[in-house]
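Q: Please work from the sequences and hints to get the whole structure.
Protein chains: 2
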Amino acid sequence: YGETADADGQASFKALVGKKFEELAQQSPEGWAGQEESPYLQDALKIAYPTFSTSTLIDRANQAFHQWRKVDAAERAGILVESLERIKFRFFEIAYATMHTTGQGYMMAFQASGPHAADRALEAIAAGHEELQRFPAKALWDKPMGKYNLQINKEWRAVPKGISLVIGCSTFPTWNSVTGIYGSLVTGNSVIVKPHPGAILPIAIFVAEIQKVLVENNLDPNICQLAVDTFDKMITKELAEHKEVKLIDYTGNSAFGNYLEGLQGKTVFTEKTGVNSVILDSAEDIDKAVANLTFSVNLYSGQMCTAPQNFYVPKDGIKTPNGVVSFDEFAQKFVDSVNGLVDNPKAGPFVLGAVQNKKTLDRVADAENLPGKVWLKSRTFENPMFKKARIATPVVVEIDASKEDVFSKELFGPIALLIKTKDTDESIALAQKMAMAHGAISCAAYTTDANVREKIADEMSLAATPVSFNLTGGIYMNQNAAFSDFHVTGGNPSGNASFTNPEYVTKRFTWVGHREPVKA
Amino acid sequence: YGETADADGQASFKALVGKKFEELAQQSPEGWAGQEESPYLQDALKIAYPTFSTSTLIDRANQAFHQWRKVDAAERAGILVESLERIKFRFFEIAYATMHTTGQGYMMAFQASGPHAADRALEAIAAGHEELQRFPAKALWDKPMGKYNLQINKEWRAVPKGISLVIGCSTFPTWNSVTGIYGSLVTGNSVIVKPHPGAILPIAIFVAEIQKVLVENNLDPNICQLAVDTFDKMITKELAEHKEVKLIDYTGNSAFGNYLEGLQGKTVFTEKTGVNSVILDSAEDIDKAVANLTFSVNLYSGQMCTAPQNFYVPKDGIKTPNGVVSFDEFAQKFVDSVNGLVDNPKAGPFVLGAVQNKKTLDRVADAENLPGKVWLKSRTFENPMFKKARIATPVVVEIDASKEDVFSKELFGPIALLIKTKDTDESIALAQKMAMAHGAISCAAYTTDANVREKIADEMSLAATPVSFNLTGGIYMNQNAAFSDFHVTGGNPSGNASFTNPEYVTKRFTWVGHREPVKA
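Here the protein sequences come in this chain order: H and W.
Our numbering applies: residue 83 is where the first sequence begins, and numbers increase by one.
Our numbering applies: residue 83 is where the second sequence begins, and numbers increase by one.
I should point out that these hints are in silico values taken from the structure, not numbers from a laboratory.
Treat the hints with care, since some could be wrong.
In this list, chains with the same sequence are indistinguishable; a pair is considered to hold if it fits within one copy or across any two.
Okay, derived cross-link-like pairs now, EDC-like style, lysine to aspartate or glutamate, Cα gap no bigger than 20 Å in a straight line [stated by the list, open to error]:
no., residue 1, residue 2
1, Lys-325, Glu-343
2, Lys-328, Glu-343
3, Lys-220, Asp-567
4, Lys-601, Asp-369
5, Lys-220, Glu-541
6, Lys-459, Asp-418
7, Lys-428, Glu-464
8, Lys-225, Asp-201
A: What follows is the structure in structure tokens.
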């Protein structure tokens, strides 16, 4: 990226703060608004974005749709790839924008919002382009009928659905939104991007770059519009319920996701919440396992959809080559490990980042009142670079397996529950049940027994939950590699927003075949 | 098929009538029932099928599922192809079974229920097998991390959804059901086939043959169960609402289809009703066009989901090389042509077949009371082979384009509405509107103008309706070729049961990926 890329990106970000965001090509704003706040500074960013009424957004999207759908599929893909080339030069700026809206640490903000998001966008373009080529544009159908041949010219068109609405979330404003945006655009739909009012800037930069490339190609920039709203006047429902909106992509809480899925006549992709499990049966090196899980719990203060929450530990402990580690020994090792990471000034502030939403602090505080032994209370510490940062370290609580109501819901944030089970079979059964009933996006398991491993792999497969086995060292259960880690593939209530699945793009258009006899 | 195949098939069919159907391998029937009636004889077939309670069906399907899902995908496909090989020897028997349950003519009954249904089943097997191979079973992920390489073994499993329910219809008991049955089976689901109580035998023969091949392979025959019910005690809702049923395939009326689509937590494929249009703008040879449309209206007495209903004719007539054919001239040509076909003893009885449901006769009678000129009344005639056959010839009524409420619903049966429009633009707009609002499965258009042709192709594409242009001679708008005519691809309210679309099989299973670091 060049030696000065980081400093330049930071400077560019700072230059945007406190001003109108004037990069969009959407004409005649009907207002200006913006309520973003930095979790690191606990202060408003004071960036104002152009705002538009729902009817203006829909009218423009409709008009742009009929232009865009007629652009050749390969040309559409080319334009979208070009936008990613441009966005590459703004990765650092996007990283700072992400830090100061989501609270992510610098490394994660750079990776997730920049190159990883662009990877996912590129894969959506590729998947869409591939599916658009699945059937030939035309063919001659020639059927011998005895005395003559029946000859029919057949043609097949990939017809986009119409207007696509992409609803962003507050924690991963680009990573979770770009697949829907690029997936809908490459298949010929026009897109309205409705970011979370708390995390607009990162995706606004993406949309601005897309619009610039559209304009350069003499196309209507409203093919991809940004639709900003404010906490006090959200326009999401108005947009989602509009009859012209045919496609909806959403990341966020399950209640709103379920409402969207219930709307008639829409194709809806969701990534909702889940209850992620860790199954501890046996381990080659329990300390390395604990260290790995510690990182996963602390990473971005547990605000990832893939963060672990329920740790199932048998009451008789975890088998290791050096003997059984009892439940209490494991709990103590985990507490010590969390404290070690949090108190390491070279790690803690960067791994935990900041807490995006004030409500998460309340949830963490409430966790101390759960019915079980509190092994570790949440606390705060001073981030040397951002003294006002909103910080909460993990709370660790022991819960008996019989108290299912306590752990059968997502407790978003740095909250770890150590659930004491009868044995590993009960651990597996509970993890599967949680995933089937409440969704799950990730799962970790530690076992040195091949039969137990296969049982976990099989039972969690039935709950459509990917399992990371025996992770130690530099890879964590909450990390997803683009292209090869299949994320939210649709088999449990957490949603169906897997861009690795062909359905994710094929549902954005319809095949229609026409036919006509060959003229004699 | 051999010289005696037809006679043998007819004899086999006759041997089944009036008896218990004992070919199924489903053990310990809880009862015997069957209320099929031949529309040709207007008499009960008196075939009794084993019946089972919903809980028995579900328990057996659940148990069979866990056996079937572990059978290798290629072996599953092999078993299913083998079942089609066996069914081939019963095509004539199935043809007679289809005639005497649906009322189809002999030719259609043979083609649609036998070879065409088997074609579709084969394509479902092929599509499923292909999609199951889309991702590799395993891969080594090797990421350079600077000083070392991060190496992860990744594996991907195609996990079937569980129990699949396939709900049959009374008019095409195999053609419409086999894609769901074979699509679900090849992807590893267990299937419960719930036929329409009026049309069981054709699909019962399919299920029996599948069960025989399963048993020969030492597999549980309950992998594919037949679930027979009676008109007075239908079990469809009980099955559909059961929490263990994850997949539903349905063909039939829109009200029940919409109810099924509204069930939470199910993947539902439907083929519902539609309002099919014919747009008449201009024609090279109007008489050939009329002859072609006449056949389409009469074929199986308009009881195909692809039959035309709304004929949009401009008030100023249809342009031809020999001058304009006025609205009234067209209407008269159409009436004469229908009479010609119906009164031709070598054509009428075979093309029209018989009427499956008594209610269709009422609907045809009511059509004479629609607000417009009745150009042709429905009547009956004697089928020389089946003197008691239930027969109704087409009714033709002129309706003004302003009376949208009259023609904006499906009038199932031999009912043709000649709708007088301002011009072709209004015809196109109405055809598109009907398809978007009420669904459409087919459309025909006659035009010699390339611009009008493209406008129709484009506007009807947006309503996801395939258009047959300028058909004359031996191909008709209501016929669908397997493999190349895309049927109900999901873009309008008629449903989404297109087995030509990869989604039709990919939604029957979920991809799940597990991973584990390579041991050092």
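Q: Please sort Lys-220 with Asp-567 into within, between, both or neither, judging by C-alpha distance up to 20 Å.
A: Cα proximity of Lys-220 and Asp-567: across copies only (12 Å, versus 36 Å in one copy).
Q: Please sort Lys-601 with Asp-369 into within, between, both or neither, judging by C-alpha distance up to 20 Å.
A: between (77 Å within a copy, 17 Å between copies)
Q: Is it within, between, both, or neither for Lys-225 and Asp-201, if the alpha carbons may be no more than 20 Å apart?
A: Between copies only: 16 Å across, 46 Å inside.
Q: Since the copies are identical, ignore which copy is meant and state whether Lys-428 and Glu-464 lie within 20 Å (CA to CA) inside a copy, between copies, both or neither.
A: The answer is within: 12 Å in one copy meets 20 Å, while 94 Å across copies does not.
Q: State whether the alpha carbon distance between Lys-459 and Asp-418 is at most 20 Å within one copy, between copies, both, or neither.
A: within (12 Å within a copy, 89 Å between copies)
Q: Given a CA cutoff of 20 Å, do Lys-220 and Glu-541 count as a within-copy pair, a between-copy pair, both, or neither?
A: Answer is between: at 19 Å across copies they meet the 20 Å cutoff, but 45 Å inside does not.
Q: Which holds for Lys-325 with Glu-343 at a C-alpha limit of 20 Å: within a copy, between copies, both or neither?
A: This pair counts as both: shortest intra-copy Cα distance 15 Å, inter-copy 18 Å.
Q: From the Cα coordinates, with 20 Å as the cut-off, is the pair Lys-328 and Glu-343 best called within, between, both, or neither?
A: both (12 Å within a copy, 17 Å between copies)
Checked against the numbered hints above, the structure violates none of them.
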